[in-house]
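Visitor: The primary structure of each chain is shown beneath.
Number of protein chains: 2
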Amino acid sequence: MPSTPLGADPTGGRPVVPSRGRRRPLGLAEVRIDGGFWGSRQATNGGATLEHARAWMDKLGWTGNFTTAETGHGSPDRRGREFSDSEVYKLMEAVAWELGRRPDAGREAELRELTRAVRAAQAPDGYLHTAYGRPGQRPRYSDLAFGHELYCTGHLVQAAVARARVAGADELLDVARRAADHVCDTFGPDGVWGVCGHPEIEPALVELARVTGEQRYLEQASLFVERRGHRSIPQHHVGWAYFSDEQPVRAARVLRGHAVRALYLASGAVDVAVETGDDELLEAVAAQFDRTLARRTYLTGGMGARHADEAFGDDFVLPADRAYAETCAGVAAVMLAWRLLLATGQPRYADVIERILYNVVATSVSDDGRSFFYANTLHQRTPTPTVPADREQLGFGGGPRAPWFEVSCCLPNVARLLASLAGYLVTADDGGLQVHQFADAEVDTRLADGRAVGLRMRTDYPAGGDVTVRVTAADGPWTLALRVPPWAAGATVTDRAGRRSVPPGEPALFPDLAVGDEIRLALPMRPRWTVPDPRIDAVRGCVAVERGPVVLCAESVDQAGDDLDALRVDTRTPPGPDGDGATVTGGIGTPPDGPWPYADEQPATVTHPAAVRLVPYHRWARRGPSTMRVWLPTA
Amino acid sequence: MPSTPLGADPTGGRPVVPSRGRRRPLGLAEVRIDGGFWGSRQATNGGATLEHARAWMDKLGWTGNFTTAETGHGSPDRRGREFSDSEVYKLMEAVAWELGRRPDAGREAELRELTRAVRAAQAPDGYLHTAYGRPGQRPRYSDLAFGHELYCTGHLVQAAVARARVAGADELLDVARRAADHVCDTFGPDGVWGVCGHPEIEPALVELARVTGEQRYLEQASLFVERRGHRSIPQHHVGWAYFSDEQPVRAARVLRGHAVRALYLASGAVDVAVETGDDELLEAVAAQFDRTLARRTYLTGGMGARHADEAFGDDFVLPADRAYAETCAGVAAVMLAWRLLLATGQPRYADVIERILYNVVATSVSDDGRSFFYANTLHQRTPTPTVPADREQLGFGGGPRAPWFEVSCCLPNVARLLASLAGYLVTADDGGLQVHQFADAEVDTRLADGRAVGLRMRTDYPAGGDVTVRVTAADGPWTLALRVPPWAAGATVTDRAGRRSVPPGEPALFPDLAVGDEIRLALPMRPRWTVPDPRIDAVRGCVAVERGPVVLCAESVDQAGDDLDALRVDTRTPPGPDGDGATVTGGIGTPPDGPWPYADEQPATVTHPAAVRLVPYHRWARRGPSTMRVWLPTA
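Sequences listed follow chains A and B, in order. Per the working numbering, residue 1 is the first one in the first sequence, and the count goes up by one each step. Per the working numbering, residue 636 is the first one in the second sequence, and the count goes up by one each step.
Isolated chain A (complex conformation) (with noise of 0.2 Å):
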């Protein structure tokens, strides 16, 4: 790995930098959002969410334990979980970027403040949590399965990545650096043989080695992926795959346990296995994160079914009620899925990453980003309650957007996530660009060689399906390749040569581009029946409704007092169009209620036909208390 010059990158800062993969990513100074679905949702991200965090963080105190702990004391007094910290760094982290998109003096300053905070309670030996380790707190690492301090200082060192690729190397990349060493002196080769029950060091490692090109950080996240697995962490009733240490990470099959903790583990160990050229290891998260999207990923790409640990189930263990399919394995699963794309270049990873923000990221949050779910069912029976402006909601986990969570991981995951999204977007290669996602962009960079490329990209995606690209930039001809989704049967593009067809699941390639070239493609965004696999016990007879890239559901608040879970809908017509949702038919009867629930045949229902309003998921419980399902009975 090059040693990398600590000024800010050129690139203008991009969230995951490999030293070498099948794709270049673009940094926020090569891509900018500039409208659209996500633009507006970057907007009310940058106007309203950060500020919402940061007003929260210093209400529940959790900015003010690092003033505390400032002292060297621990004080009775300290406010909030053990991890939160982290949601200090993630709000950092987000500002980061947010400063990258869009520079901002106050919101600078803020910057700043809050690194100032954090740097004075570093001890003098590097070490960097407010809840351990001073007089009258618990000693450092002495709850390595749920102390969350190297996971904090994960978090940390991500927001110090976040800010030196922006920005250039400042104090934040120094007080990271020390927590770093600190670690590497603790947990290093000669030291204590553990892991942390939380991953996030590990990308968080490598990202500081790419940052720094200190090789140490690197071969410490090597040590952790390769610890992982071996039942160091204490025996929890959770059971040890919980914290994914059941089986080494490059043995295992598939993900289990903690959702978030295995997606932010397979996220580490792709970077160690790029970066050290591990092939093994890098097709053997490859091939877990296949088969967990094969038969342990919900239709809107949550993953997660379980509430009790916050855990992948056994495959095709995907009910609907209650999903869980936490907002924070969506974030994490963009995190791994671009990590593969860029490493492989497969377009199939891509797919996950729409799939999962257009209905899980933009599910989360609410229209005035001022409330989030943590959870994100696919079928809500009882209305969903409103949760008042300034309640904190208790623990984690279901119910209703809220504005905080006492564990509120979920808020400013989503907000670094959203802050940095055009990072996401566009890749280069030698020959040219690969446009991931469609949004309102403009792209311009440089090739490897040196020539300059660039395009406009326009579009109302996803509620129209028609994306125009012009290019805008190009020393000599260069290649765009414009991803085709899978679903996209019956795509055409047009192009100097015509329109043509083009097949879905495969990148449609434009060679010998020059300035001003158009290239319009037109994807199909009828509404579509989804069947599941058979061996998806829970939902069984039943069918979705996809339009594009985005699933539907029916909320109660379109069906005037009919029972959704009365409905069964007739699957010989397709659904039809119904602005960027759709209309289904079929017939509403409730079962003659009896004594027990189990008959040796059941009692006939009378029904009564009904047109079914579909909407977009993400459109979900923004119209008061309803109900809502996605998968619908099958008449």
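I should point out that these hints are in silico values taken from the structure, not numbers from a laboratory. Cβ atoms here follow ideal geometry from the backbone N, Cα and C, with glycine treated the same way. Don't take every hint at face value.
[To be verified] Derived Cβ-Cβ restraints for the label pairs, each shown as a range:
(1) B:R1258 x A:V387: 47 to 57 Å
(2) A:S232 x B:R1161: 54 to 64 Å
(3) A:D563 x B:T702: 53 to 63 Å
(4) A:E506 x B:D1228: 19 to 29 Å
(5) B:A1270 x A:A43: 50 to 60 Å
(6) B:P1227 x A:T634: 18 to 28 Å
(7) A:G464 x B:A1270: 36 to 46 Å
(8) A:R138 x B:S867: 25 to 35 Å
(9) B:D1228 x A:T634: 18 to 28 Å
(10) A:G213 x B:R1258: 57 to 67 Å
(11) A:T634 x B:R1161: 24 to 34 Å
(12) B:A1024 x A:S232: 24 to 34 Å
(13) A:T571 x B:A1024: 45 to 55 Å
[Claimed, not checked] Per the computed footprint, the stretches of chain B lying under chain A, defined by three or more beta-carbons under 8 Å from a beta-carbon of chain A, are:
(14) 712-725
(15) 861-875
(16) 926-932
(17) 947-957
(18) 1012-1021
(19) 1154-1165
(20) 1205-1213
Based on the hints, put chain B in the right spot on chain A.
Guide: Below, chain B alone, put in the same frame as chain A:
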């Protein structure tokens, strides 16, 4: 309520003794199980389980906690969770019942020794809990939500009630009265306006009032029941419904929240309603239970679908995968159903008890009585591991039968139910006896007017469906009512008048009985298809097979390598008899694997014909690691 003398109950002791109601329960001296399905399980319970539980409680220090507490000082060495005292009390209750079933000098000495230990730990003011109130411990009643103090007192009282009824008042009753007096002093009309996060004190205090004639205990139980539902428990992330504290008992429509909590509370509410003549309260609880049976109960009678909070799900949310169906919820539902049976005389409550006994209680216990299911899933996708006999299972919940759990409520709970099971078989009214459960048993009692009545019942039920009842005592003619289960279409009875059909779901009546009369009930035991209410999403498109009161299941050990989850049964052919199980036919075929489990249409699956053996669900996981499913998808 009449004052009751404090000598032993001449009936030999009964678990519930209401002062009024449609049916009078019989005691352990009046009904004796002397063989058959339950006889062998009682023998295992008395011969292995009680000793096993005692050994674990000694090994883990739960019994020793009482000795440590005797010093009056909190010890940092206090062992176990905050509710471990209650396990010792449940064991004492089980031993007390077992002594009623079968006197044993060693066991008698053991109970006296435990009583002395418990008494020694009681504070001078009557308060008794080993984890609170001493120097170095948390203050008394400082955590009503999760402290389990009143819960533990409730189980102490239940143990004392059992002991007093079986053997007469002894020092355990003194201890319990002093503890109950302290509860009344603390939480009485002018005391702390609070309730315990875990109900149990409510039925216990009513039972203590019944034993002692002391009205104060009934009044305190009534206070606790009426206080519940007003959110007096501090806000917690599990929500008030978890504690049934979000809505008053008499206003609720269905049981909700933590299943065991809800069922214990409802049992206490019935006890209060019966003793105070509060028919409104009785009807409210009966309606809640009826609705719970109709919408929130598994085919097995299991209750509580959720792992995360051990709670009832919404109506019709009854996933087979990871069905929680806690063993303790089965015991608690028997408690509630029995109270409602005594109060109302409705045979449907005996139907429920039968279902739970054969499909939850009998399932939980291993053949040797030394390991237990905590949760009783209806679908096991990966083979159950074997737990070593010396391994304590951390925490609680799912997984295989284990010899012990960190939270080991289920094991002594089943033990106390099995030891007192004879008390749940038969009741009396003014005209005769009602047989609710079929078992090898002898009954001898007197009716209210003093007439002796008796019978001897012989059956190999549920392996066979023939039940023979011979009248063994009759001072003049009396009437026998034999429950005919609702599934028993085609049942016949044979008596003096010959053989005739009887309708299912209502008792068959035999008046004017005399000594020597013999009645034969023939229940149809052909296995039968059972289909679920279409609102139970999780098992749509599936059938189950039941045989008599027993739910059957497919288990992989019978399938020679075929994947149970690939089975599709053909319901055009009725299930064939196969011993106490059944055989069904269908096809086995695993769908081809793809990268994504959702598609426009699913690829065709090649299947091969298969005959699948089904065995009683209560026998699963006894022949080595296996997968299992109760609900079978149809072709």
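Visitor: Could you run down the list of hints and mark each one as holding or not?
Guide: Hint check:
no., hint, result
1, B:R1258 x A:V387: 47 to 57 Å, "50 Å, holds"
2, A:S232 x B:R1161: 54 to 64 Å, "56 Å, holds"
3, A:D563 x B:T702: 53 to 63 Å, "59 Å, holds"
4, A:E506 x B:D1228: 19 to 29 Å, "20 Å, holds"
5, B:A1270 x A:A43: 50 to 60 Å, "53 Å, holds"
6, B:P1227 x A:T634: 18 to 28 Å, "22 Å, holds"
7, A:G464 x B:A1270: 36 to 46 Å, "42 Å, holds"
8, A:R138 x B:S867: 25 to 35 Å, "33 Å, holds"
9, B:D1228 x A:T634: 18 to 28 Å, "24 Å, holds"
10, A:G213 x B:R1258: 57 to 67 Å, "60 Å, holds"
11, A:T634 x B:R1161: 24 to 34 Å, "32 Å, holds"
12, B:A1024 x A:S232: 24 to 34 Å, "26 Å, holds"
13, A:T571 x B:A1024: 45 to 55 Å, "53 Å, holds"
14, 712-725, "violated (count 0)"
15, 861-875, "holds (count 4)"
16, 926-932, "holds (count 4)"
17, 947-957, "holds (count 9)"
18, 1012-1021, "holds (count 3)"
19, 1154-1165, "holds (count 3)"
20, 1205-1213, "violated (count 0)"
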